[in-house]
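Line by line, the protein sequences give chains A and B. Just so we're aligned: 17 in the UniProt record's numbering is position 17 of the first sequence, and the numbers increase by one with no gaps anywhere. Just so we're aligned: 173 in the UniProt record's numbering is position 173 of the second sequence, and the numbers increase by one with no gaps anywhere.
Hints are not guaranteed to be accurate.
Any copy, or any two copies together, can satisfy a pair, since identical chains are not distinguished.
Below, computed lysine to any residue pairings styled on SDA-like, alpha-carbon distance capped at 25 Å [unchecked claim]:
id, residue 1, residue 2
1, K155, N170
2, K201, G235
3, K155, S62
4, K66, K85
Read the hints as simulated data drawn from the structure, not as lab findings.
2 protein chains.
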Amino acid sequence: MAAPLANNHISVDCVVLGFDGESLNVLLSKRSGCDSNGKVFMDYKLPGSLIYQDEDLDDAASRVLKELTGVSDVTLTQFKAFGSKDRTSNLRDVHWLEKEQAKVKRIVTIAYFSLVKLDKTLEKTVNTEVAEWQRLNQLGRLAFDHNLIIAEALKAIRREADNNRALIFNLLPKKFTASQFRMLMEIIYDKQLDVRNFHKKISQLSYIIPLDERQQGVAHRAARYYRFDKKAYSGSR
Amino acid sequence: MAAPLANNHISVDCVVLGFDGESLNVLLSKRSGCDSNGKVFMDYKLPGSLIYQDEDLDDAASRVLKELTGVSDVTLTQFKAFGSKDRTSNLRDVHWLEKEQAKVKRIVTIAYFSLVKLDKTLEKTVNTEVAEWQRLNQLGRLAFDHNLIIAEALKAIRREADNNRALIFNLLPKKFTASQFRMLMEIIYDKQLDVRNFHKKISQLSYIIPLDERQQGVAHRAARYYRFDKKAYSGSR
Chain A
1 MAAPLANNHI
11 SVDCVVLGFD
21 GESLNVLLSK
31 RSGCDSNGKV
41 FMDYKLPGSL
51 IYQDEDLDDA
61 ASRVLKELTG
71 VSDVTLTQFK
81 AFGSKDRTSN
91 LRDVHWLEKE
101 QAKVKRIVTI
111 AYFSLVKLDK
121 TLEKTVNTEV
131 AEWQRLNQLG
141 RLAFDHNLII
151 AEALKAIRRE
161 ADNNRALIFN
171 LLPKKFTASQ
181 FRMLMEIIYD
191 KQLDVRNFHK
201 KISQLSYIIP
211 LDERQQGVAH
221 RAARYYRFDK
231 KAYSGSR
Chain B
1 MAAPLANNHI
11 SVDCVVLGFD
21 GESLNVLLSK
31 RSGCDSNGKV
41 FMDYKLPGSL
51 IYQDEDLDDA
61 ASRVLKELTG
71 VSDVTLTQFK
81 AFGSKDRTSN
91 LRDVHWLEKE
101 QAKVKRIVTI
111 AYFSLVKLDK
121 TLEKTVNTEV
131 AEWQRLNQLG
141 RLAFDHNLII
151 AEALKAIRRE
161 ADNNRALIFN
171 LLPKKFTASQ
181 FRMLMEIIYD
191 KQLDVRNFHK
201 KISQLSYIIP
211 LDERQQGVAH
221 RAARYYRFDK
231 KAYSGSR
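In isolation and in its complexed conformation, chain A is listed as follows (with noise of 0.2 Å):
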């Protein structure tokens, strides 16, 4: 590493997530160690890393995001800290740190969620040799806590979308479809949601605009387009 480890205690965690219109996905990294047997593992774990000396928490946040997986230029809010004295204490996750990283006992994260497209250029960006999108409805263990650190990311974006609607159009399409809109609500909120009543609902919301346009080259019957209206949005509020 290029820096020295001032704080061999203190480490952020990106929890990037994007919507590929029909599921939610989490970016990974992939991880590779020896467990205490001396039997090479192979699993994920979110990008995050110990911060440097001299090194503000949103600064380290996108220089590890950017070095474990290629993306750059998103938004990433914190929204918790993750501290609890058990999140080291799995055996796999000791020796990799000791091998990887340093001796530490303890390891307190600064946690990081981003709401990204996942479309073409983006995915043009990830780093596919150490990193890779996974559907979270099919996550399995990750290293550390960090099982639990998304769950805790769901929330703080569920919250935050109670009161800023407008986070959730961050992970659309600029052209979406009432039934894409849904899919991410159903996940988000993980419920289902009454078509028809969606449908209604949405042609009610002024920052809603219906376009002209309908999908192409597709089985089923095309589907209108939509897209969302930052400034209506605003100015509904």
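Position chain B relative to chain A; hints supplied.
Coordinates of chain B only, in the frame set by chain A:
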């Protein structure tokens, strides 16, 4: 100190806000030390300290608050981590840290807030030798970045109260007048509210129950008391 300081890089700080019926106050810890010229000074800081090994963040916050102020049994909510590299750069703070705690260059602090009724029962628990309440609108310059931390606590409280109005009533006495409620809202949201509109709004809220009781022994016209009905509030959402 009793237990080993595993992490001389991580601290917790508590922003305990109490409403006394007139103004919003913050619980501060008295600090004395020597500045770089050897001159003794006395100033104020948030109750906060480095965390112990094997101590969860939430536990550390409760412990530190009790040790430094005497106050216990309050709900502490984690709201933000502060880790700017400049937050411990003031010379006065550097000297105080070296003498009182440890030789550290950089401390990331995890901040908590708590909203309490500043009544006689609570006041009795405060150890006034080392701690005191100060009016929020009359604060001087506090140690480290503690003025910033208090400002950010207020922002977090506003965000949270937008979703959950019940939070605000943690600050009010069980029986409160309409003007006490209004004054508190004015302080928290930092804006003047129209008296008549506010009264009208209150009368429309199912969870604010007018009582038959009125203020006693006041020079001006005795105001009616109200109470907050938690059940009615949960039902109204």
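From the Cα coordinates, with 25 Å as the cut-off, is the pair K155 and S62 best called within, between, both, or neither?
For K155 and S62, both the intra-copy (22 Å) and inter-copy (24 Å) Cα distances are at most 25 Å.
Homomeric proximity label, K201 with G235: Cα distance no greater than 25 Å
Classified as both: same-chain Cα gap 18 Å, cross-chain 23 Å, threshold 25 Å.
Can you tell me if K155 and N170 fall within 25 Å by alpha carbon in one copy, between copies, both or neither?
For K155 and N170, the Cα distance is within 25 Å both inside one copy (17 Å) and across copies (23 Å).
Give the relationship of K66 and K85 under a CA distance limit of 25 Å: within one copy only, between copies only, both, or neither.
Intra 28 Å, inter 21 Å, cutoff 25 Å: inter-copy only.
Of the hints listed earlier, there is not a single one the structure fails to meet.
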